[in-house]
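What follows is the residue order along each chain.
There are 2 protein chains.
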Amino acid sequence: MSKGITKKEENYSQWYNDIVKKAGLADHSPVRGCMVIKPHGYAIWENIKARLDIMFKETGHVNAYFPLFIPKSFLSREAEHVEGFAKECAVVTHHRLMNNPDGSGIIVDPEAKLEEELIVRPTSETIIWHTYKDWIQSYRDLPLLINQWANVVRWEMRTRPFLRTAEFLWQEGHTAHATSEEAILEAKKMHEVYTRFAEDYMAMPVIKGVKSENERFAGAIETYTIEAMMQDKKALQAGTSHFLGQNFARAFDVKFLNDQNTDEFVWATSWGVSTRLVGALIMTHSDDNGLVLPPKLAPIQVSIVPIPKPSEEIDKVAFDLKVKLEAGGYTVFYDTDDKKRPGFKFADHEMKGIPVRIAIGQRDLANNQVEIARRDTGEKVFVPLDNVVPFTENLLGDIQLNLFQRAKNFREENTHDANNWEEFSDIIKNRGGFVNAHWDGTVETELKIKEKTKATLRCIPLDGEVQAGKCVLTGKPSKRKVLFAKAY
Amino acid sequence: MSKGITKKEENYSQWYNDIVKKAGLADHSPVRGCMVIKPHGYAIWENIKARLDIMFKETGHVNAYFPLFIPKSFLSREAEHVEGFAKECAVVTHHRLMNNPDGSGIIVDPEAKLEEELIVRPTSETIIWHTYKDWIQSYRDLPLLINQWANVVRWEMRTRPFLRTAEFLWQEGHTAHATSEEAILEAKKMHEVYTRFAEDYMAMPVIKGVKSENERFAGAIETYTIEAMMQDKKALQAGTSHFLGQNFARAFDVKFLNDQNTDEFVWATSWGVSTRLVGALIMTHSDDNGLVLPPKLAPIQVSIVPIPKPSEEIDKVAFDLKVKLEAGGYTVFYDTDDKKRPGFKFADHEMKGIPVRIAIGQRDLANNQVEIARRDTGEKVFVPLDNVVPFTENLLGDIQLNLFQRAKNFREENTHDANNWEEFSDIIKNRGGFVNAHWDGTVETELKIKEKTKATLRCIPLDGEVQAGKCVLTGKPSKRKVLFAKAY
Numbered sequence: 001m002s003k004g005i006t007k008k009e010e011n012y013s014q015w016y017n018d019i020v021k022k023a024g025l026a027d028h029s030p031v032r033g034c035m036v037i038k039p040h041g042y043a044i045w046e047n048i049k050a051r052l053d054i055m056f057k058e059t060g061h062v063n064a065y066f067p068l069f070i071p072k073s074f075l076s077r078e079a080e081h082v083e084g085f086a087k088e089c090a091v092v093t094h095h096r097l098m099n100n101p102d103g104s105g106i107i108v109d110p111e112a113k114l115e116e117e118l119i120v121r122p123t124s125e126t127i128i129w130h131t132y133k134d135w136i137q138s139y140r141d142l143p144l145l146i147n148q149w150a151n152v153v154r155w156e157m158r159t160r161p162f163l164r165t166a167e168f169l170w171q172e173g174h175t176a177h178a179t180s181e182e183a184i185l186e187a188k189k190m191h192e193v194y195t196r197f198a199e200d201y202m203a204m205p206v207i208k209g210v211k212s213e214n215e216r217f218a219g220a221i222e223t224y225t226i227e228a229m230m231q232d233k234k235a236l237q238a239g240t241s242h243f244l245g246q247n248f249a250r251a252f253d254v255k256f257l258n259d260q261n262t263d264e265f266v267w268a269t270s271w272g273v274s275t276r277l278v279g280a281l282i283m284t285h286s287d288d289n290g291l292v293l294p295p296k297l298a299p300i301q302v303s304i305v306p307i308p309k310p311s312e313e314i315d316k317v318a319f320d321l322k323v324k325l326e327a328g329g330y331t332v333f334y335d336t337d338d339k340k341r342p343g344f345k346f347a348d349h350e351m352k353g354i355p356v357r358i359a360i361g362q363r364d365l366a367n368n369q370v371e372i373a374r375r376d377t378g379e380k381v382f383v384p385l386d387n388v389v390p391f392t393e394n395l396l397g398d399i400q401l402n403l404f405q406r407a408k409n410f411r412e413e414n415t416h417d418a419n420n421w422e423e424f425s426d427i428i429k430n431r432g433g434f435v436n437a438h439w440d441g442t443v444e445t446e447l448k449i450k451e452k453t454k455a456t457l458r459c460i461p462l463d464g465e466v467q468a469g470k471c472v473l474t475g476k477p478s479k480r481k482v483l484f485a486k487a488y
Numbered sequence: 489m490s491k492g493i494t495k496k497e498e499n500y501s502q503w504y505n506d507i508v509k510k511a512g513l514a515d516h517s518p519v520r521g522c523m524v525i526k527p528h529g530y531a532i533w534e535n536i537k538a539r540l541d542i543m544f545k546e547t548g549h550v551n552a553y554f555p556l557f558i559p560k561s562f563l564s565r566e567a568e569h570v571e572g573f574a575k576e577c578a579v580v581t582h583h584r585l586m587n588n589p590d591g592s593g594i595i596v597d598p599e600a601k602l603e604e605e606l607i608v609r610p611t612s613e614t615i616i617w618h619t620y621k622d623w624i625q626s627y628r629d630l631p632l633l634i635n636q637w638a639n640v641v642r643w644e645m646r647t648r649p650f651l652r653t654a655e656f657l658w659q660e661g662h663t664a665h666a667t668s669e670e671a672i673l674e675a676k677k678m679h680e681v682y683t684r685f686a687e688d689y690m691a692m693p694v695i696k697g698v699k700s701e702n703e704r705f706a707g708a709i710e711t712y713t714i715e716a717m718m719q720d721k722k723a724l725q726a727g728t729s730h731f732l733g734q735n736f737a738r739a740f741d742v743k744f745l746n747d748q749n750t751d752e753f754v755w756a757t758s759w760g761v762s763t764r765l766v767g768a769l770i771m772t773h774s775d776d777n778g779l780v781l782p783p784k785l786a787p788i789q790v791s792i793v794p795i796p797k798p799s800e801e802i803d804k805v806a807f808d809l810k811v812k813l814e815a816g817g818y819t820v821f822y823d824t825d826d827k828k829r830p831g832f833k834f835a836d837h838e839m840k841g842i843p844v845r846i847a848i849g850q851r852d853l854a855n856n857q858v859e860i861a862r863r864d865t866g867e868k869v870f871v872p873l874d875n876v877v878p879f880t881e882n883l884l885g886d887i888q889l890n891l892f893q894r895a896k897n898f899r900e901e902n903t904h905d906a907n908n909w910e911e912f913s914d915i916i917k918n919r920g921g922f923v924n925a926h927w928d929g930t931v932e933t934e935l936k937i938k939e940k941t942k943a944t945l946r947c948i949p950l951d952g953e954v955q956a957g958k959c960v961l962t963g964k965p966s967k968r969k970v971l972f973a974k975a976y
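Protein chains in written order, with the working numbering: chain V, 1 to 488; chain U, 489 to 976.
It is possible that part of the hints are untrue.
[As the list claims (entries may be wrong)] Residues on chain V that point at chain U, a partial pick, calculated with CB under 8 Å:
(1) Leu68
(2) Pro71
(3) Ile146
(4) Ile184
(5) Leu185
(6) Phe346
[As the list claims (entries may be wrong)] Calculated lysine-lysine pairs in the DSBU-like style (CA-CA distance at most 30 Å, straight line):
(7) Lys827(U) to Lys57(V)
(8) Lys296(V) to Lys537(U)
(9) Lys322(V) to Lys545(U)
(10) Lys255(V) to Lys495(U)
(11) Lys296(V) to Lys545(U)
(12) Lys133(V) to Lys509(U)
(13) Lys322(V) to Lys495(U)
(14) Lys49(V) to Lys812(U)
(15) Lys189(V) to Lys537(U)
(16) Lys537(U) to Lys324(V)
(17) Lys296(V) to Lys784(U)
(18) Lys57(V) to Lys545(U)
(19) Lys57(V) to Lys743(U)
(20) Lys743(U) to Lys22(V)
(21) Lys621(U) to Lys22(V)
(22) Lys495(U) to Lys509(U)
(23) Lys537(U) to Lys57(V)
(24) Lys339(V) to Lys797(U)
(25) Lys896(U) to Lys339(V)
(26) Lys575(U) to Lys113(V)
(27) Lys340(V) to Lys537(U)
Calculated from the structure, these hints are not laboratory results.
Glycine included, C-beta positions come from ideal geometry on N, C-alpha and C.
Excised from the complex, chain V in its bound form:
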C-alpha cells in the first residue's frame, strides 16, 4: 500500500497529492478546480464539523441557511467587499436548457436569460445583511448569533485538493450586535474557539494574531487569524474571525432603535473555517507511510488485525475488545477480510491514519498478550490481555498530546528572529519557516518584502513580548516584531 507514495523529502507537494489519493481522501472531478471528497476525507470533515458545531452552540449560536445565489448588484454595495470578491466567481446567466433544433444535443435557451445575473456565493455577508435588515428593528432583536454550514465557490486559477478549490465546504458565522465592544468581544471569542479547536482537537499549534490592513478580509475593520506551520515550514492560515464594524450595516441600511430610542447602525462580525482544515491536518502530522491523524478527529481510532487470519479464539478476544472500547466511546474496526494478508492490512491502516492498531496473533494469545502499535511513532509493544483496554485508552490520549508537542517543537525549531535585511532574506531563502522581524507598519514595505522574498506578513501576533525596534527593510521605527513566512 505505501508503495507509490513520493517521499516527503523528495517532493513535498507530490507527497501531499499522493497522500490525498492513496488515503482515499479526495479525487479529481471533471469540473475545473472542484474536487470529489471521498468517504474517508468526508468522515474527517464530519468529525471537524460535529465538534465545531458543538462549540458554536455552547457559545450561544444557532444555525440557519441562506440562498446559494447572490444578486450581482448586492456585491457592489460594500465598496471594499466588491474589490475582494466580485472577481473570479461563478455567474449564473440563464435558467433553462433546450434541445438544439439541429438535433446535436442540448443548448442554453437564449430566451431564458435572467434579468439580473446571479453569483454563486463566494461568501454570504451581502445576502445575510440584506436579510438582517428585516430581522432587526430594536436592541431587543440583538445580538443575532447565526452560523451557516454551506458550500461556496471562488473561481481560483491554481487549485489543490482541500487547500484551494473552486468549490469548498465551510461554515460562516454572521453576528449582529448593539455595540462595537460587544462585536469585538464576539470576534475575539470565535478567534479563541478556533484556537482551541486547532490545538486541542487537530493537535495543531497556532499563532494567534491580527492581519495587517493589506491582508484583512475585504470589508473588515480587524481580521483575527490563526496561523499554523506545515511540515515544509510554510504557513497556513487556518481560520479567521472578522470585526466588520458598521460597514455591512451601512451598505444594507441595517439600523436598530437603541435603548435611548435613537437609530443606530448595527455592529457586525463574521468568521469561518473550511475543508482547508483537512489539508492542514495532512500537512501537520502525516509521514511517508501515509496519513497520521489526531485520535480526537480520526474516523477510526483503533483497528484490530487477526494474525494470520480470523479464528474462533481470535474472534472472541477481538469482539470482546471491540465491545469494551466502543462502550468507552471509541470507534473500532476489526479487519476480518480474509482475502488480505496482515502485512497488507498494516500498510492500509497506516495509510488511512488509524492511530492505534492491535494485532492479535494466535501465538501471542498463548502468552495472553497482543501487540499494540501506535501510528505516530511506529512503536510496538506487547500488552497483557487484561490491560489492553486501559492501555489503549491511555495511548490514544498520549498520541493526541504527542502529535501536538511534536508539531510545536517543529514550529519552534523553525521560527527565527531576523534583525536586519540580510538575516531576513537569508532565512526566508535558505532556511524557511517563520520569521519574527520588525516592520515599519506600511503596506508599501509589506508589499516590497513580498516582492523580494515571496514571504507575506502572516500576522501581528497577539501574544509574546512587545519591543520597539527598526524595520528590517526600511530601518524606520517599528512598534514590535511581526510574523512573516511563505504561505499556502
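With chain V held as given, fit chain U onto it using these hints.
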C-alpha cells in the same frame, strides 16, 4: 402571538404561509424561488438530518461530497434523464465579473465565458456515475454505498417555502451493485428506512407503493415512494427510492469484472428526501395556534414558564426539573425573560410547537404541584412535584403516538373506494382525499384522469389486498386498485 394566523378552515394555503412566517421557520429571499431557512426551521431540519444520518450509517452507508456543478454534456448522456432534468435549471456561463468601463457598477466579463456551460446540480446521478467509473473495476469494489447531504437547484416556476423551492437541501444516496437482485433489495431497504422515519419520527403515516411509469424518476426502472396525506386531504410525496437498473452504468460506461471474470455493467439505485419534509411536518400536525411538532423531532421538547415571573423558589424548582429532564436526554427551555408576560410566552411556545409546557406558579408551589400542558390536545393537568419528571417523559411518548394515530385516523376517514367514474369524480371534486380505484395500467388513461380531475396516480400500493376489476375510466381490465389524489 397567535394573532395574525389565518384559520386553517378559511384558507389552508394562507394558514401554511402564516405558520412558516410566525413560527420563524423560513423567510423570503431576494432571489426568486429561494428561501432563507430561519434558525427554528433549520433546527427541525438538523434533527431530521441527524436521525436519518444514523439510519443510513446503520444500514452500511458512508457520506461523501461531489461537485455542485455538472458539465452540460453530462446531462444528455442518459436519454430519459435529460428529458426530466435538463430543463429548468441554473446555468453558469461565465467565471468573472469586472468593473463596467462606464463606471456604472459591475458587469459580467465577456472574456470570461466558459468553454462548456456548467449546470448547478438538480440531482447528482450524472456526475456521480462519471466518478464511479474510476472507482469500480471489479466485484471486489462493490457494493458502493454512498450518500451525500447537499443543496440542489431546480428552477421551479411556482414556489412555496419548503414544499417547492428553487434551491433546496436534501440527501441523495447513490449505490452501485454487482447484481440486479442486490440493487432492488437496496432500493427496497431505503424505501423501508424512509417509511420508518416518516412513521416513527415524523409521526406521519405513509402509504408505501411504486410509481407508475409516467410518474417514475427520469432514468429509473422502478420508483418506490411514500405518500402522506396532508390536512387539506392532498397527497404529498415524502420520499422516493429508485432502482435504476444499468441505465446510468451504460450511459457512463461503468463496468466491473464479475467473479466469472467477465465484464458487466453495474446495477444502481438512488434515493432522496429533502427539506420538503419540514413542509410535510407542518401540514400533518399543526393547528390554528401554530406549529405542532412530534416530540422526537422538536428542537425544544419541554418549556418551563414561571408564573407570573421568576423567583428564588420557582427558579429552584425549574432548574431542578431542567437538570433532571436534560439528564434523560430531553431539551428544556426555561423562559426567564421578565419583559414578557406568561400569556405571551404560552402563545409563543404554542406557535413554535413545543410539545410540553410546564407552568410553575407561586401559588401552585404552595400546593406542591405544577401545571403541565400538552401542545397536541391543549389539555392541562396539575401534577405533584415529585411526579413531574416521569409524567413529562411519559407524556412526550404519548404525544408522539397520539400525533401518529390522529393523522392515521384522519387519513383513514378520508380514504375512499371508487368503483366507477361517477364515484371517482364526485369524491375528487366534492370530498377530496385518497381514492382507491381500478386503472387499466396505461399512461393514456392516467393522463386523461389527471386532465379531467387534476388527480394524479400517487402510487400502486405495495400493501393491502389485491383484487382484479375494471378501470374506472375505460372499463378495461385492471389487476388491482391504485391510489389517486390531488397532490403537492
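query: Looking at the structure, which of the earlier hints fail to hold?
result: 4, 5, 6, 10, 13, 19, 24, 25 and 27
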